[in-house]
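*Asks:* Each protein sequence line maps, in turn, to chains G and V.
Just so we're aligned: 531 in the numbering used here is position 65 of the first sequence, and the numbers increase by one with no gaps anywhere.
Just so we're aligned: 25 in the numbering used here is position 24 of the second sequence, and the numbers increase by one with no gaps anywhere.
One or more of the hints may lead you astray.
[As the list claims (entries may be wrong)] Far from chain G, by Cβ distances over 12 Å, these chain V residues were calculated:
1. Ser8
2. Leu28
3. Asn29
4. Lys31
5. Ala36
6. Ala40
7. Lys53
8. Asn79
9. Ser93
[As the list claims (entries may be wrong)] Just a few of them, taken from the derived set where beta-carbon distance is under 7 Å, the chain G residues facing chain V:
10. Ala489
11. Ile490
12. Met528
13. Lys531
14. Ser548
15. Trp552
These are computed hints drawn from the structure, not numbers from a lab.
Ideal Cβ placement from N, Cα and C applies to all residues, glycine included.
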Amino acid sequence: MNHELTMILHIDMDAFFASIEQAINPKLKGKPLIVGSRNNKLYTVVCATSYEAKAYGIDSGMPTKEAFKLCPNLEFVAADQSKYIWTSEQLFEFLAGYGFEVAYASIDEFRMDINEEPDPISLAQDIRARIQETFNIHYRLHRHSQK
Amino acid sequence: MKQSGFSPKARWDRHIPESNHGDPGLLNEKIQVLAFFSASKIYPRMFIWNNKIYKIKSITYNWQEHTGKETTNCFSVNTGLDLYQISFNNTSYSWKIDKIIE
Numbered sequence: 467m468n469h470e471l472t473m474i475l476h477i478d479m480d481a482f483f484a485s486i487e488q489a490i491n492p493k494l495k496g497k498p499l500i501v502g503s504r505n506n507k508l509y510t511v512v513c514a515t516s517y518e519a520k521a522y523g524i525d526s527g528m529p530t531k532e533a534f535k536l537c538p539n540l541e542f543v544a545a546d547q548s549k550y551i552w553t554s555e556q557l558f559e560f561l562a563g564y565g566f567e568v569a570y571a572s573i574d575e576f577r578m579d580i581n582e583e584p585d586p587i588s589l590a591q592d593i594r595a596r597i598q599e600t601f602n603i604h605y606r607l608h609r610h611s612q613k
Numbered sequence: 002m003k004q005s006g007f008s009p010k011a012r013w014d015r016h017i018p019e020s021n022h023g024d025p026g027l028l029n030e031k032i033q034v035l036a037f038f039s040a041s042k043i044y045p046r047m048f049i050w051n052n053k054i055y056k057i058k059s060i061t062y063n064w065q066e067h068t069g070k071e072t073t074n075c076f077s078v079n080t081g082l083d084l085y086q087i088s089f090n091n092t093s094y095s096w097k098i099d100k101i102i103e
């Protein structure tokens with residue numbers, strides 16, 4: 467049985483779609499925001515929320531009508547997949563540039579095999595700083611080991 | 002590392018495009034733009050729309066859209082008063098104003 471541990475860096479973009487929309491329109495920063503799957507404010511489904519909207523109990527999959535009942539001042543943006551796909555691809559290329567094996571976990575989550583990295587903390591800090599500088603969006607980093 | 006086989010495009014395969022992308026505010030009008038092209042990047046600096054000059058103070062975001070072989074570079078730009086989405090088509094070498102971002 468192979469008991470060797472593999473160290474994986476998990477990069478999870480926070481409120482990915484909402485974060486991109488807030489970067490596009492700085493007026494939306496710090497506000498409760500939902501991204502709707504279609505451009506029909508009251509008759510669609512929430513596909514992403516900002517942290518400020520989550521604080522009202524609004525989450526993905528909720529009908530927008532229900533979301534507006536919980537927070538009447540909610541900001542609404544219709545989803546535009548090209549922005550999210552492009553940003554996801556750019557993030558993947560950016561991470562692959564570190565020379566480690568990178569895999570998609572979802573459109574906004576990536577796994578990087580950093581087993582050969584002697585200083586994973588510094589690497590994570592560097593990734594954090596460069597993503598913030600380059601993409602201006604939020605994210606979380608988790609380091610974990612797996613057999 | 003085990004590959005998930007996930008593709009960021011896959012989740013949108015079932016997306017059904019609506020007219021104007023479902024956006025009634027879509028302008029889709031030709032504009033003239035002064036821009037710098039440097040190191041494979043485009044930096045629009047000002048545009049003329051309806052005979053009015055709009056100076057661009059900052060580019061808040063940029064991304065690409067692909068339709069067949071065509072690539073469109075999209076920019077959300079801040080003029081200090083308003084935010085606009087403008088785009089450059091790499092095939093026709095033309096600029097458009099897509100919408101006013103509200």
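*Asks:* With reference to the structure, classify each hint as holding or not holding.
*Replies:* Going through the hints against the structure:
Residue-level check failed: Ser8 of chain V sits 7 Å from the nearest beta carbon of chain G, not beyond 12 Å. Listed as a non-interface residue, Leu28 of chain V keeps its Cβ farther than 12 Å from every Cβ of chain G; the least gap is roughly 15 Å. Annotated as non-interface, Asn29 of chain V keeps its C-beta farther than 12 Å from every C-beta of chain G; the closest such distance is 15 Å. Annotated as non-interface, Lys31 of chain V keeps its C-beta farther than 12 Å from every C-beta of chain G; the closest such distance is 20 Å.
For Ala36 of chain V, the condition that its CB be more than 12 Å from all CB atoms of chain G holds, with the nearest at approximately 19 Å. The beta carbon of Ala40 of chain V sits about 15 Å from the closest Cβ of chain G, which is more than 12 Å, so the claim that it is off the interface holds. With a least CB separation of 22 Å from chain G, Lys53 of chain V remains clear of the 12 Å interface cut-off, as annotated. Distance check for Asn79 of chain V against chain G: the nearest CB is about 8 Å away, which does not clear 12 Å, and the non-interface claim fails.
With a closest Cβ-Cβ approach of about 18 Å to chain G, Ser93 of chain V is found to remain outside the 12 Å limit, as its non-interface label requires. For Ala489 of chain G, the suggested interface contact is upheld, since its CB lies about 5 Å from the closest CB of chain V, less than 7 Å. About 4 Å separates the beta-carbon of Ile490 of chain G from the nearest beta-carbon of chain V, less than 7 Å, and the hint is met. Evaluation of the Met528 of chain G hint against chain V yields a violated restraint, the C-beta minimum of about 18 Å exceeding 7 Å.
Restraint check, Lys531 of chain G versus chain V: the minimum CB separation of about 17 Å is more than 7 Å; hint violated. A least Cβ separation of about 4 Å between Ser548 of chain G and chain V falls short of the 7 Å threshold, and the interface hint therefore holds. Evaluation of the Trp552 of chain G hint against chain V yields a held restraint, the C-beta minimum of about 4 Å falling below 7 Å.
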